[in-house]
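**Student:** Residues per chain, in single letters:
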Amino acid sequence: MQAISAEPLARDTEHRSRADARHDLLFRFLLRFCALLVLGTLLGAALSTLWGGREVLFKDGFHFLFSSDWNPVEDQYGALAPIVGTLVTSLIALVLAVPVAFGVALFLTEIAPNWARGPVSTAIELLAGIPSIIYGMWGLFVFVPFMASIEPWLNDTLGNVPVIGALFQGPPLGLGLLTAGIVLAVMILPFISSVMREVFKTVPARLKESSYALGSTTWEVVWDIVLPYTRSAVIGGIFLGLGRALGETMAVTFVLGNSYNITSSLLMPGTSISSSIANEFNEAVGLHRSALIALGFLLFVVTFIVLLIARLMLRQLARREGR
Amino acid sequence: MLTSFKLPSRLGTLAIAVAVSMFGMTAHATDITGAGSSFVYPVISKWSAAYAEKTGNHINYQSIGSGGGIAQIKAGTVDFGASDMPLKPEDLAKFGLGQFPDVIGGIVPAFNVAGVAPGALVLDGPTLADIYLGKITTWNDPAIVKLNPSIHLPSSRITVVHRSDGSGTSYNFTDYLSKVSPEWMSKVGEGTAVKWPAGIGGKGNEGVSAYIRQIPNSIGYVEYAFALQNKLGYAKMKNAAGNVIEPNTASFQAAADTADWKSAKDFNLLMTNAPGASAWPITATSWVIMYKTPKNAANTKVAFDFFKWAYEHGQDSARSLDYVPLPDTLVQQIKTYWSSDYKM
Numbered sequence: 063m064q065a066i067s068a069e070p071l072a073r074d075t076e077h078r079s080r081a082d083a084r085h086d087l088l089f090r091f092l093l094r095f096c097a098l099l100v101l102g103t104l105l106g107a108a109l110s111t112l113w114g115g116r117e118v119l120f121k122d123g124f125h126f127l128f129s130s131d132w133n134p135v136e137d138q139y140g141a142l143a144p145i146v147g148t149l150v151t152s153l154i155a156l157v158l159a160v161p162v163a164f165g166v167a168l169f170l171t172e173i174a175p176n177w178a179r180g181p182v183s184t185a186i187e188l189l190a191g192i193p194s195i196i197y198g199m200w201g202l203f204v205f206v207p208f209m210a211s212i213e214p215w216l217n218d219t220l221g222n223v224p225v226i227g228a229l230f231q232g233p234p235l236g237l238g239l240l241t242a243g244i245v246l247a248v249m250i251l252p253f254i255s256s257v258m259r260e261v262f263k264t265v266p267a268r269l270k271e272s273s274y275a276l277g278s279t280t281w282e283v284v285w286d287i288v289l290p291y292t293r294s295a296v297i298g299g300i301f302l303g304l305g306r307a308l309g310e311t312m313a314v315t316f317v318l319g320n321s322y323n324i325t326s327s328l329l330m331p332g333t334s335i336s337s338s339i340a341n342e343f344n345e346a347v348g349l350h351r352s353a354l355i356a357l358g359f360l361l362f363v364v365t366f367i368v369l370l371i372a373r374l375m376l377r378q379l380a381r382r383e384g385r
Numbered sequence: 166m167l168t169s170f171k172l173p174s175r176l177g178t179l180a181i182a183v184a185v186s187m188f189g190m191t192a193h194a195t196d197i198t199g200a201g202s203s204f205v206y207p208v209i210s211k212w213s214a215a216y217a218e219k220t221g222n223h224i225n226y227q228s229i230g231s232g233g234g235i236a237q238i239k240a241g242t243v244d245f246g247a248s249d250m251p252l253k254p255e256d257l258a259k260f261g262l263g264q265f266p267d268v269i270g271g272i273v274p275a276f277n278v279a280g281v282a283p284g285a286l287v288l289d290g291p292t293l294a295d296i297y298l299g300k301i302t303t304w305n306d307p308a309i310v311k312l313n314p315s316i317h318l319p320s321s322r323i324t325v326v327h328r329s330d331g332s333g334t335s336y337n338f339t340d341y342l343s344k345v346s347p348e349w350m351s352k353v354g355e356g357t358a359v360k361w362p363a364g365i366g367g368k369g370n371e372g373v374s375a376y377i378r379q380i381p382n383s384i385g386y387v388e389y390a391f392a393l394q395n396k397l398g399y400a401k402m403k404n405a406a407g408n409v410i411e412p413n414t415a416s417f418q419a420a421a422d423t424a425d426w427k428s429a430k431d432f433n434l435l436m437t438n439a440p441g442a443s444a445w446p447i448t449a450t451s452w453v454i455m456y457k458t459p460k461n462a463a464n465t466k467v468a469f470d471f472f473k474w475a476y477e478h479g480q481d482s483a484r485s486l487d488y489v490p491l492p493d494t495l496v497q498q499i500k501t502y503w504s505s506d507y508k509m
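Chains S and P, in that order, are what the protein sequence lines are.
If you want the working numbering, it's the 1-based position in the first sequence plus 62.
If you want the working numbering, it's the 1-based position in the second sequence plus 165.
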């Protein structure tokens, strides 16, 4: 009886395990294909922008990187002003958005009563769903006039502080690097804060409770327990936001002032890589077009360098913690 | 279950029948395609709707920018291209192309100075160039005061607004400044995008209009229609003949009338700084570019018919969008050009 039933069972198991192995193999191919697809797309995009920008890159080489002269009439192109504008606006956005996002995430995970958590976090996630053109329009029609009205005050107060004073001296136009940075800060806030909120939730309750039991204040728990536990994910979230700020186009174009100059003042108009491309690509021919595509390639390079720095920072932190 | 299945399938059959009959309908009408200048897009789409109603032929126009329009017609992917800057006769000859103007528009300096009424300010070319060069920086500069002895101008700084995107409007504006100011010509030059010596850039006519309205003591330049629709204060200009001119349909047409088209081969001429006594100095047009020996003769024939119809019957719709129809003398010249240069 047993002998009769055992053989089909064994055959069945063998058959199944072979099928499983086949499925596993297929699944592995599928996953590998997905990963390679992303890699291939990225590489393809980077190489095609490099190819599109080859004329200006071969002609000017490093001069293209370090010249601030952008003159389509004489076909002279230098990418310094857009690069500086991109970095400065993203930096302002980060400086403003990170503390606020940190506060929001803490409030939602540690302090807020349960009934408030849902509505507040939904509101913040809705911010992420607003299209960037809407931020641009809001920036132009609502925020720029507001900034124009407070900039004389900025001139008189922060403008007189030694060292950083020069940053806040300028005509009260309402648009410029500072305005663009603030609009960007609002845009990247939800990305950073939702990552922070999710990872703060993963901190084991017993760690926090032990700390409270030893007499820590909420701030001490957050600073000494929650943050060290989640550090790498928090930094990851910040760089996700930074990546978005570096590439943001429409909102920045509306409020940045689009002028190719490099100034010491944050109240002056500037330009960014992506807004230069959006502005001029339509009517650009020949070397001008090549220069804009090369700018696109530089955005890849800038983003890559920024991500590289993030990786190095994380590794440094891990080493210091002895991991 | 069965009945609920049958209904969609019947609908499906019906849909196919309708699709087939519609296909049959469009088969004897011609669809022609054009691409290029965004300046003419509103008027071409209005014309094409009226033209389709009358003849059944559809004009499919994509406003991808003048540069794109030129590239597309050179590649032969469209039946006509439209550009805000004319091609040189050599370039046209190389590709076997011809070009002719289609409609006129005016570019006006617009400003926002408290206490100065729209239309009250008078400027001339050299002064405008110096403002855009960043040499005249305040509204009570002697050069501006001299042109406006009767109005009180504040001592505030001038904020200069220009287009940030490459555009035919900028091209005509900088061409005008180059014609009236040698310094502008040598330092900046003309182009759809230039290296602006001063000021901030707004994206599109909308962007420039918004900046002018929001920033006190600013000056910019926009298409006439935008100045009207946004109720911006526009300036009068002193023209090449030395007369102070108000921007309007009559002065734009006067510019088109008196521009030296006769000696311009292939209509390769910008109308800025036109010599006429009542000509508005910053008047612009855009050009339709088509193959002289068409690749698709049937489509090209319809395209010509469309533009002929537009010259004759599209004047009111052009005016309703604040464009200016071409003067009759120019239309006659274009028709002569068609019969002499095009094989139809």
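The set of hints was computed from the structure by calculation and includes no laboratory data.
Remember, predicted model here, so these are calculated numbers, not experimental data.
Cβ atoms here follow ideal geometry from the backbone N, Cα and C, with glycine treated the same way.
Check the hints yourself; a few may be wrong.
[Unchecked claim] Calculated lysine-lysine pairs in the BS3-like style (CA-CA distance at most 30 angstroms, straight line):
1. S:Lys121 / P:Lys466
2. S:Lys121 / P:Lys311
3. S:Lys121 / P:Lys253
[Unchecked claim] Covered by chain P, according to a simulated footprint, are these stretches of chain S (three or more residues, beta-carbon under 8 angstroms):
4. 123 to 135
5. 179 to 191
6. 227 to 236
7. 264 to 270
**Student:** Report holds or violated for chain P covering the segment 123 to 135 of chain S, Cβ cut-off 8 angstroms, minimum 3 residues.
**Tutor:** This one holds; 5 residues, not fewer than the three required, reach chain P with a Cβ under 8 angstroms.
**Student:** Assess, step by step, whether the Cα of Lys121 (chain S) is no farther than 30 angstroms from the Cα of Lys466 (chain P), and give holds or violated.
**Tutor:** Violated, at roughly 44 angstroms.
**Student:** How does the coverage statement for the segment 179 to 191 of chain S fare against chain P, requiring three or more residues with Cβ below 8 angstroms from a Cβ of that chain?
**Tutor:** Answer violated; 0 residues pass the 8 angstroms Cβ test.
**Student:** Count the residues of the segment 227 to 236 of chain S with a beta-carbon closer than 8 angstroms to any beta-carbon of chain P: does the count reach three?
**Tutor:** Contact hint for the segment 227 to 236 of chain S vs chain P: holds, 3 residues under 8 angstroms.
**Student:** Take a quick look at whether Lys121 (chain S) and Lys311 (chain P) sit within 30 angstroms of each other, Cα to Cα.
**Tutor:** Between Lys121 (chain S) and Lys311 (chain P) the Cα gap is close to 48 angstroms, so the pair fails against 30 angstroms, i.e. violated.
**Student:** Does Lys253 (chain P) sit within 30 angstroms of Lys121 (chain S), going by the straight-line distance between their CA atoms?
**Tutor:** Answer holds: Lys121 (chain S) to Lys253 (chain P) is near 26 angstroms, not above 30 angstroms.
**Student:** Examine the segment 264 to 270 of chain S for residues whose CB is less than 8 angstroms from any CB of chain P, and state whether their number is three or more.
**Tutor:** violated (count 0)
Consistency with the previously given hints fails for numbers 1, 2, 5 and 7, ordered from lowest to highest.
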